[in-house]
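K.L.:
Chains A and B, in that order, give the protein sequences.
Mind the numbering: the first sequence is residues 1 to 346 in the working numbering, read in order.
Mind the numbering: the second sequence is residues 1 to 346 in the working numbering, read in order.
If you're looking for bench data, these hints aren't it; they were derived computationally from the structure.
One or more of the hints may lead you astray.
Remember, identical chains collapse to one label, so a pair may be satisfied in a single copy or spanning two.
To be verified - Restricting the straight-line Cα-Cα distance to at most 20 Å, the calculated cross-link-like pairs of lysine to any residue (SDA-like) are:
1) K147 <-> A195
2) K263 <-> S252
3) K89 <-> M111
4) K184 <-> M65
5) K197 <-> E332
6) K184 <-> A69
7) K263 <-> A253
2 protein chains.
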Amino acid sequence: MPIAVDAMGGDHAPQSAVEGAVRAAAEDGAAILLVGDRTRVEAELARLGARGRIEIVHAEEVVGMDEPAITPIRKKRRSSLRLCAELVKDGRAQAMVSAGNTGAAMVAAKMVIGTVAGVDRPALAAVVPNPRGRTVLLDVGANIGSKPNHLREFAVMGHFYAQEVLGTPQPRIGILSIGEEEGKGTELTREVFRALKTTGLHFVGNVEGGDVFNGEVDVVVCDGFVGNAVLKSAESLAEMLLTMLREEVAASARGKLGYTLAKPVFDRFRRRVDYSEYGAGPLLGLNGGCFIAHGRSNARAMQSAIRRAVEFSNTRLDRKIRDKIAELHSQEERLLAGGRQGAETG
Amino acid sequence: MPIAVDAMGGDHAPQSAVEGAVRAAAEDGAAILLVGDRTRVEAELARLGARGRIEIVHAEEVVGMDEPAITPIRKKRRSSLRLCAELVKDGRAQAMVSAGNTGAAMVAAKMVIGTVAGVDRPALAAVVPNPRGRTVLLDVGANIGSKPNHLREFAVMGHFYAQEVLGTPQPRIGILSIGEEEGKGTELTREVFRALKTTGLHFVGNVEGGDVFNGEVDVVVCDGFVGNAVLKSAESLAEMLLTMLREEVAASARGKLGYTLAKPVFDRFRRRVDYSEYGAGPLLGLNGGCFIAHGRSNARAMQSAIRRAVEFSNTRLDRKIRDKIAELHSQEERLLAGGRQGAETG
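Pulled out of the complex, with its shape left as it was, chain A reads as follows (with noise of 0.2 Å):
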């Protein structure tokens, strides 16, 4: 099954998205179906010589970087985000790759394509690069105020994502918090240590910012807002000291010239933290995928967007997701019965 890429999303499209699109036809042979205007994608098509190589699915309307997200619900019902995510409802695709309107295409997946069964909130997961492998920081933006019961959700979406499609075997699972002894922190990260001792999960206890990116845990959680700062804070940082590097060896004829003799190394470095190779996070807990790309992304971005989107496919996350929470519950359920009993009879 296909997976159905928002040809008209981000700041250049449809170029990257349709470029993206046929790379990822040609070098990972994903099926694709690409959701746009049908002539403007057509002409770039025609652009890259791939006419007729891939299946164009049309679509009247296109949401706008700054619109509200809730456009694709209340206004564009015919639009680019809103067409992607019915495919995925219809299963004539397996994910959806948007590098749109962020919001926008949250709020489509969530009300059309519909979260898992005993998921209160899908969360936003960006895969981050650690020294060892990869680490997955979860919610990134998609939750503000979270409650402790859907930070333990996150945790659980995480620990598959992570097992999964990552392949880690045994997930470590860390609160983002300040301090890392069992009472420190905030009232929430206090009750989701608590809730997160008993669900079976290979829970680490609290972690530090530091931990988001040195491989001591596999999954980080924590409210989106503080995930949203983290990583966009670790984007710009990453993207400031590639500048200055550049700027210091620009700046002296040694430096150009022991940059010329190491640019392959320079080259593998850039590959292995470019957020291109990362950028595209998937947003986890709805019965099918959806990976959310920068707005800024190139094709080189959104092809690697697609790759994430068929290793996702590959596997049946929404179930294993669905079937944890559900055992959670009837976990506390027996608990509180167990607590009413005793209360009875005690």
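We have chain A already, so just place chain B on it with the hints.
P.N.:
What follows is chain B alone, placed relative to chain A:
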């Protein structure tokens, strides 16, 4: 007036603190009081050939890195940390510097040195590099669960720190939020947004995590929970990137040769981004200076923390903060009185 340096605080105490103090005295002409166990401090000074060059204030006790924050107040009243704060309070030192237990240093400074009139909570600030200069991020961990009036105080403190200590003529101030429009974010950020519009400071609105490092604003204001997560994740990311760059360079002969040629460039780059240039954060809002350095600070990091403390002491930050906060309070009272009068006569 001298700077009181906690000789016993930090992972490499007393070695790093004493060596940093010796360098600051010799290279920067800083006047210093080394506070700690006289025998151990003298031994370090002797080892460095600097015996008798720096005055020692003997302290019998040491607050351990894992002891409760209240320790210097309740239990170890003769600790080096507590004595540093006493020296500032008594006007025998202008400012204190410690790489010891951060929580304990903050509590000792707040309770012994005391806050500026009108300031409810001191804030720990971090000064981070951006491509064009430096950004002040606060609070990074002194306060969790901040109220809107606290964030307004942080904005005032950050403004004067940027202006008086870093030399930024008209600091641009942003609130760390998710989404940049006025209505975006949490209840806290929305209330702070309203409160900052009438302060007369150069308030630019909501900013996102990316703006902490891109130089678009000079001061970023947030609650300590999110500020701590952003700061610690950024430090860890910068370290990881440098490690990965070294790994890539070491993996090939070309890389090594290129690196050797470009070494001065790399050294300059490291200096620009090295935490030891930035790692000491001022605790703002006190009747005196307090700089809190990383626990793992080396001698160079301690020397630069002492430099920051000297720069700070050459300004009259406490007075400026006090006057501005008094002005904001009287402005509020006038508004409230106007409102009451309006209600009575209207």
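K.L.:
If a hint holds in the structure, say so; if it doesn't, say that too.
P.N.:
Consistency of the hints with the structure:
1. K147 <-> A195: Within one copy only: 11 Å inside a chain, 27 Å across chains, cut-off 20 Å.
2. K263 <-> S252: For K263 and S252, both the intra-copy (16 Å) and inter-copy (11 Å) Cα distances are at most 20 Å.
3. K89 <-> M111: Within one copy only: 10 Å inside a chain, 60 Å across chains, cut-off 20 Å.
4. K184 <-> M65: Classified as between; 16 Å across copies, 39 Å inside a copy.
5. K197 <-> E332: Within. Shortest intra-copy distance 13 Å satisfies the 20 Å Cα cut-off; inter-copy 47 Å does not.
6. K184 <-> A69: For K184 and A69, only the inter-copy Cα distance (12 Å) is at most 20 Å; the intra-copy one is 35 Å.
7. K263 <-> A253: both (15 Å within a copy, 12 Å between copies)
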